[in-house]
Each structure stands twice: as structure tokens, then as C-alpha cells.
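Read top to bottom, the protein sequences are chains A and B.
Residues 5 to 507 (the numbering used here) are what the first sequence spells out, left to right.
Residues 1144 to 1323 (the numbering used here) are what the second sequence spells out, left to right.
The hints are simulated quantities; they were obtained by calculation from the structure and are not laboratory data.
Note that CB positions come from ideal geometry on N, CA and C, so glycine has one too.
Each hint can be trusted.
Sample of chain A residues facing chain B (criterion: CB under 8 Å; computed from the structure):
#: 1; residue: L55
#: 2; residue: T56
#: 3; residue: F180
#: 4; residue: F198
Spelled out, the chains give:
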Amino acid sequence: MDILSILDGLWRLLLDPVTVLYVVIGCQAGILFGMMPGLTTTTALSLLTGLTFSLAPEKAIAVVLGAYVGSVTGGSRSAILINIPGTPAQAAVCLDGYPLALQGKAAQAIGLSVTASTLGTLMGFISLALFTPLLGALALRFGTWEFFWLAVFGVVVAGSLCAPNDPIKGWIAGFFGLLLNVVGDDGIHAIPRFTFNFVQLSGGFSLIPVLIGAYGVPEVLNAIRKREKVVIQTKVDRVVPRFREVLKHRWIILRSSVIGIIIGIIPGVGSDTAAWLSYFTAKRRSKHPEEFGKGSIEGLIAAETGDNACIGGDIIPTITLAVPGSAPAAVLLAALTIHNIRPGPLLVTEQPHVVGQIIAISMLSTIAVFGLSLLWVRQMVRLLLIPRNVLMPAVLIICVTGSYALSGRLFDIYVMFGFGLVGVLLQELEYPIAPFVLGFILGPMAEDNVRRALVITAGDPSPFFTRPISLVLFGLLVLSLVGPTSLGRGIKSRIVALWSRKG
Amino acid sequence: MDSAEKRPLEDGLAPPPREANTDLNDFLGALLLIAVSIAFALAALRIPFQSSSWVWYTSPGIFALVMAICLGGCSLFVAYRGFRGWLRNRQNVVQPIGWGGRLRLWGMGRFLGSVAIVLVYILLLGKVPFLVASVGLILTLGTVFREGRLWDAFRPAIIASAVVVVVTYAITKIFGIMLP
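Isolated chain A (complex conformation):
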């Protein structure tokens, strides 16, 4: 895959006005979902994956990718105006966006956040174009042993990073997802497992109803449960991006983009981590750290750039290794698979035009979101005033439609609701949802590869620890398991102590 593939993809895309229209529809839907507090990027993508099932692959992917970019950008609107992040990734934007709005600078804050988002997203997609072929070439050396470790590593790292204060809860969520995935006919011998002779379960739980249930239903139920009244404190007159001001902060944008891309590549860790890390790095490096939290432009730009740059980073392992970089990327992976596009090393080498098309759609989405974010701002802000108890049932209806659309089974709606209740329970017990979903998605990859590997070696597990890439992945897995524990901290402090003694 080279730059020509991307340009070819972009050219073909621009020649197809219907696909461009679907990109715009996806972007607008994403912005709407993103700005509504409680509706996350993952929910938007899950719903749209279900709804676009019957479309041609390139059109469906156009809608889903457009919504991905749109929802991450759109979330800053409510963060700035009502101090409620549209998506969890925008929590860091609230810290400085809302104080800026209270100072009467809402329009400036929105303009800056949109511009920073666009630049961050573009940087992310440039990295996607640059690193996908490299990682794809490396991934060709991966065998069944490496893919097993990669799946387990993804779940464990997501667990560690999504629950940094209590990583064991993250791992439990991951194992729970891996376990629930085994329900249904076994992939090798077609033996029914844990189906209780219930024929609907023989195919297992469908991914989209599980995703919609785990992410969408808890948001609906929690919004109805809580009594929240939305008050918009400030008016928005005109949103004009201040390019000179953006240019002044180019190093923050560059640094936050790099942070976002790296965080994105790590499996299971999403925009929220990227936004916080970018924010705190900007604060540490700022000449005016005291302004952070009181309306700092630097803080706003850092958070917005970081969370948007993460999108490109998220998609890199999704396309090259079929290991999603975050929960929304997991839905993207599902959407690609549903449309018979099989992400993995072979996609990059054998179908580079598909990868080029994905990058071209992503670039076009970024530009479309930039334009749409500056249009009808005031009208969209009014949507934030819709009472939650009216809005959320409407969202639930779309959840039901999205779950049903894929296979036309009422059973999928029951699955969605069941997993919704599981999601509420996990949230209340402070178990992160992302590792659970990632475990559910990577379950088949882990199970099929470990069994296939053992068949190849007639039950000998040694290649898992002797093949070079396998050994590296195993080492990283052990590090990510031991690192957050007291043993890991003890070893780290010992090393530091030894080092300083020598010095």
C-alpha cells in the first residue's frame, strides 16, 4: 500500500457523490450523538453498524467512519456549553472549555476545539497512512501463536489501562467477555456449548446487540434514573476558528497528536486516556500551569487534539492485526467483518485499495466534520435542552432498531437488553466495560489460535515461548500483568534504588 492507493481511493470516493453523501450523513449523525451527554462514540457506531447492514460495503463504512470522526469531535459542544462531556473523552475538555464559556468566550472555545480536533484527526490519519503498511508487513510474520498472545495481550492491557486504580477489575471484565464469547457452537467441531438446548443460542451472542446493549442501554437507563436539568449559561453567536491562535499552539498540537496516536495504537485504550494524558502533559510543560482548569486555551487544545488523534492510532492495529485499538475501533472491526472485509495482515498486502479507501473516507470525514461543526451551531445547541426522559426513550428505540436490523431476530433485542443490564451492573460495581467488550470481540481469535497452535505442534506448548515474536508478546503480557501490582511497583523501586546507588 502506498500514497497512490490512498489518492486513488480518494479520487474514486470523490467521483461517487452518493458515498460522499453517506459520509456527510455519518458525520452529522456522529456529531449529534457526540454532543448528546451520555451517548458515546461506541453507541453511535454500534447503532449505525446495525442500521447500515443492508448498504453496500463502501457506503456502510463511509457512514460508520464518518460517525466515528463526528462523534469524537461533537462531544466538545456540550462539554464547553453545559459542562457535561458529550462522550467520556471530552471530560478533559470540560475543565477549560466551560470556564471559557463562562467568561463569554464560548464561540472562541468551540472554534478552537473544532480546529484542534480537525488537526489532531488529520495527524492521526496521516500516521495511519504511514504506519499501516509497516505494521502490516511486520504482521505477516505473525503465526497462530503470536495471534493468540496478541488477543490475550489486548484484553489484559485494556484491563490494566481502563482500571488503573484496580487493574484486577479490568482483567476480570476482560475474562468475563472472553468467557461469554464461548457460548454457541464450537468453531472447530461444531459442538454446542452452554446453549441449554436453546436453538437461538447455537450461533452465540451476536456482536452488535451485545455492543449496543453494553454501551447504549446503560446510558439510557442511567439518564432516566438521574435527575439532571440542563442549563446553558452562555450564548453562542459566531464560531470562527482562530487560525493564528491555533498556529501559536502548534507544538502543543504536535505533541498531543503524538500522544493520541501512541495511546490509540495500544489495544483497548481509547480517546479518554489520550485526552487526559495530553492535557496533563500540556499542563506540566506550560509556562502558565496555574491557568489550567480556569479557562486555559492550551488545556483545551491539548485535550481536543489528543482525543481526536487517537482515532487514527486506534484504526492502525484494527486494520493490520484485527486487534481494535479502542472500543469504537472494535465496532469498526465488527462493521468491516460484517461487510466481508477481513482486517489483518493480508488485507494490507492483498487488498491495499481497501485500506486506501478507508484512509480516503477518513480524510474526507475529517474535512466534512470540520465544515459541519461550524454550521448550524446554535440550532444544534438547542437540542441539548431536550428533556432526558424524552430523548433517551427515542435513543432506546434506535437501539432496538439497530439490534434487530442485522438478522431480523427478536432474540437479538432480548440479548441487547440482557447485556444492557449486565453493563449497568458492571458499571455500578466499577468494572470497566471496554475490556469486557474487547474480550468478547477477541475471544474467537484467542480460542481458535490457541487450539490451532496446539494441533500443529501435537499438544506441545513450547513454541508459545520460544518463537521470537511470541516471546516478546509474552514478555509484554507478563509486564502488563505484573507492572500495576505491588510486586511490579516493588521491582521498579528496587531498580530505581539500584540505579541511583550506582550513580
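Model the placement of chain B on the given structure of chain A, informed by the hints.
Just chain B, lined up with the frame of chain A:
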């Protein structure tokens, strides 16, 4: 503690700090997960490890068994930690309000009510036309969980119902999907 428990919520008492209940929540939640892992492990053990088609390492139940052990093991650790923390702290933890008050603050009534209404809606699907059931859901949730007067809640609910009917119809046309 007793007098504090009996005091009404309107006194301005803050809800209990999350930490006060974390250990007990951890313990109870982990017990639930242990039960799930045991159920899966037992079901996995019922699948034979050796047959004419497979040996132990390709058995259809082996992966599930390993995952159930991992889940159970980690959950056991969390349960032990939660129980120990609860035993240690239960004398020191002062709960300003009782269980009933805490559940009310959390919004348990609204939660159970909304779950019940959504459950009825889901069970009605396939028996009642989708759009009729959906309008019913919006009107019911919109008015039952209203903040102000009935009419003030009814008006946006009617508008939302109309919008949902139009949007759902448009979605079926644009994306070519079926409705339940």
C-alpha cells in the same frame, strides 16, 4: 448512627462517600462473578476431554474452562479483599443514611420503573406494531418520569414521538432495514 439514619434526606446530609460501601460492593459483586465462573466451569467439565474427534487440547470445553478458572480466581481475590476490608472498616464507617435512603438517592425506584417499562415494551414487540409500541414507550417514560406538570411533559413527549416516527421511517427508507 441510628439518629443519623432516621434523619430525613432534606436535612442536607451528603450521600455517603463511595469508599464506605466499596468493600461490601466488591465482595458481593465478586461473589456473583464466582457463581458465574463456577457455572461455566461445571458446564465445560461436562464436555468430554477425549473423544474420537479430539484430544484434550482441542476439546471444545478447554478454553471455556481456562477462562472460567481465570475469572473465578481473580474474582476470589477481589471477594477476599472486599470481605477483609469490610470486616476491618465496618466499625469505623459511619453511614449518615440507611439502605433505603441510599437506594433512593441512587434512584432505584426510577431505575426499576424504567426497566419494567422497557421490558414490557420489548415483550410487546412482534405482537404490537413497532411504531405504535415505540410511541407508547416515549409517552409512558416521558410522562411517568417527568419533572414538572403533566402537560409540560406531555408536549415534548408528543413532539418526540412524532420525530421518532418520521426518523424511523426515514431510516428504513435510507438504509433499507426492516422494523421489528
